[in-house]
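Could you build the full structure based on these sequences and the hints that come with them?
Number of protein chains: 2
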Amino acid sequence: MPTKEEVVEQFRCQAIRDAAMRVVARKGYDHVTVQDIADEAGIAKGTVYLYFKSREDILEKTMTFSFDEFHARIHEAIEAGGTFVEIVERVVHAQLVYFEERQEFFRLYLVMAEPLGERRLKKHAVYRTHIAQLTKMVEAAQQKGEVRDEPAERIAIAVNSTVRDITLQRLHEKAPRPLAADAAFVRDYICRGIARS
Amino acid sequence: MPTKEEVVEQFRCQAIRDAAMRVVARKGYDHVTVQDIADEAGIAKGTVYLYFKSREDILEKTMTFSFDEFHARIHEAIEAGGTFVEIVERVVHAQLVYFEERQEFFRLYLVMAEPLGERRLKKHAVYRTHIAQLTKMVEAAQQKGEVRDEPAERIAIAVNSTVRDITLQRLHEKAPRPLAADAAFVRDYICRGIARS
DNA sequence: AACTAAACTGACCGCTCGGTCAGTTTACCG
DNA sequence: CGGTAAACTGACCGAGCGGTCAGTTTAGTT
Numbered sequence: 014m015p016t017k018e019e020v021v022e023q024f025r026c027q028a029i030r031d032a033a034m035r036v037v038a039r040k041g042y043d044h045v046t047v048q049d050i051a052d053e054a055g056i057a058k059g060t061v062y063l064y065f066k067s068r069e070d071i072l073e074k075t076m077t078f079s080f081d082e083f084h085a086r087i088h089e090a091i092e093a094g095g096t097f098v099e100i101v102e103r104v105v106h107a108q109l110v111y112f113e114e115r116q117e118f119f120r121l122y123l124v125m126a127e128p129l130g131e132r133r134l135k136k137h138a139v140y141r142t143h144i145a146q147l148t149k150m151v152e153a154a155q156q157k158g159e160v161r162d163e164p165a166e167r168i169a170i171a172v173n174s175t176v177r178d179i180t181l182q183r184l185h186e187k188a189p190r191p192l193a194a195d196a197a198f199v200r201d202y203i204c205r206g207i208a209r210s
Numbered sequence: 014m015p016t017k018e019e020v021v022e023q024f025r026c027q028a029i030r031d032a033a034m035r036v037v038a039r040k041g042y043d044h045v046t047v048q049d050i051a052d053e054a055g056i057a058k059g060t061v062y063l064y065f066k067s068r069e070d071i072l073e074k075t076m077t078f079s080f081d082e083f084h085a086r087i088h089e090a091i092e093a094g095g096t097f098v099e100i101v102e103r104v105v106h107a108q109l110v111y112f113e114e115r116q117e118f119f120r121l122y123l124v125m126a127e128p129l130g131e132r133r134l135k136k137h138a139v140y141r142t143h144i145a146q147l148t149k150m151v152e153a154a155q156q157k158g159e160v161r162d163e164p165a166e167r168i169a170i171a172v173n174s175t176v177r178d179i180t181l182q183r184l185h186e187k188a189p190r191p192l193a194a195d196a197a198f199v200r201d202y203i204c205r206g207i208a209r210s
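Protein chains in written order, with our numbering: chain A, 14 to 210; chain B, 14 to 210.
Treat the hints with care, since some could be wrong.
The list treats identical chains as interchangeable, and a pair is accepted whether it falls inside one copy or across any two copies.
Calculated cross-link-like contacts (lysine to any residue; reagent style SDA-like; alpha-carbon spacing at most 20 Å) [stated by the list, open to error]: (1) 58 with 138; (2) 187 with 141; (3) 66 with 79; (4) 149 with 138; (5) 149 with 25.
Since the hints were made in silico from the structure, they are not lab data.
Written out as structure tokens, the structure is:
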């Protein structure tokens, strides 16, 4: 049983993470300042440092925390079973919906996938986890002979990239077409390619 | 006929752009300082400002300048004609080779595709140009009935995302498999999907 | 060699940001 | 209430950055 202090602490941490996520969505990961986060959360900058030890700490915790929920959703979609096409359909749909509902998270997610600079950031580890999840899905389908015999990780990356960029495109459009249409498009693109059959 | 002064000026500008590209590749777009660029180019910071009017000016010019050459290569690959599969094969191959040979450019390219923050950056315009180029390619193929009847821009985005993320993956690997293998994989993924046929 | 204009330099300025901490407010308990 | 400990605040500090410019070096001309 958590003490009252722990409950309050958790509540504050969550509020700060939520604020951080909104600000990252607005300004981009690299341009977020601690003052921004404090303002967004309606507290003083000093208070932030009572709950997190540095700017990086806030951003990293924000990332991993949000990601856990996303990860769980995809896990569900995979575990529900069925043919590979059905699984892909659910996974694609789950991702599109999740990104659509939580654009702040999606923008954070974009940052996770990209890193390639001097520092191997923790962000990237989070992205790799997601790829690993999809890779297992592909491997299972290959065992059942539903998917071509190519490196599973390559396939997972290809699948994921498509979902991500279509989501990005939808975010840029003022009035994107119905989500179901893009979900179907991505599912078909992944499974059958774009050649007229 | 350019004067001697103009030649020297162009040479200096090119040297600074080259330096900027290398530093961006190492540190990432947002963390590059003007001092970094000056050091890399072997000149003083003040000298940089004789040729460019601001940090943003350097980065923007570096981006568009490098991109023009890339754009031309893809244009060639498209215009050489043939069936859609052949064209895709050439385009994918050209991109993979170009990215492999110029990793600094690729890292710059990654930054172009991503923006989604407060400011609609010029970076993004450059990326849109590339997508527009691919979109035209897809539309031509649709006219000939070689490609399914889906929004051409969506297809272009999907195609491009795959090439990009596979390239990214290759950069992370110490010993990636032969480029031709990935080129074939991407081509097949795009045209036929991943379902076992 | 003497002169000059153009090219170049790097110390400097103003500003922003991450992080600190002395002081203030709040909340709880006897 | 009164007292005290915990929570909170925001002015402040030092570091680092973009951009400037007075001074120095270089290169061309006579």
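The hints, checked one at a time:
1. 58 with 138: Neither, since 29 Å and 36 Å both go past 20 Å.
2. 187 with 141: The answer is between: 16 Å across copies meets 20 Å, while 31 Å in one copy does not.
3. 66 with 79: Close inside one copy (19 Å), not across copies (41 Å); limit 20 Å.
4. 149 with 138: Within one copy, since 17 Å is at most 20 Å while 37 Å is not.
5. 149 with 25: neither (36 Å within a copy, 51 Å between copies)
The earlier numbered hints that this structure contradicts are 1 and 5.
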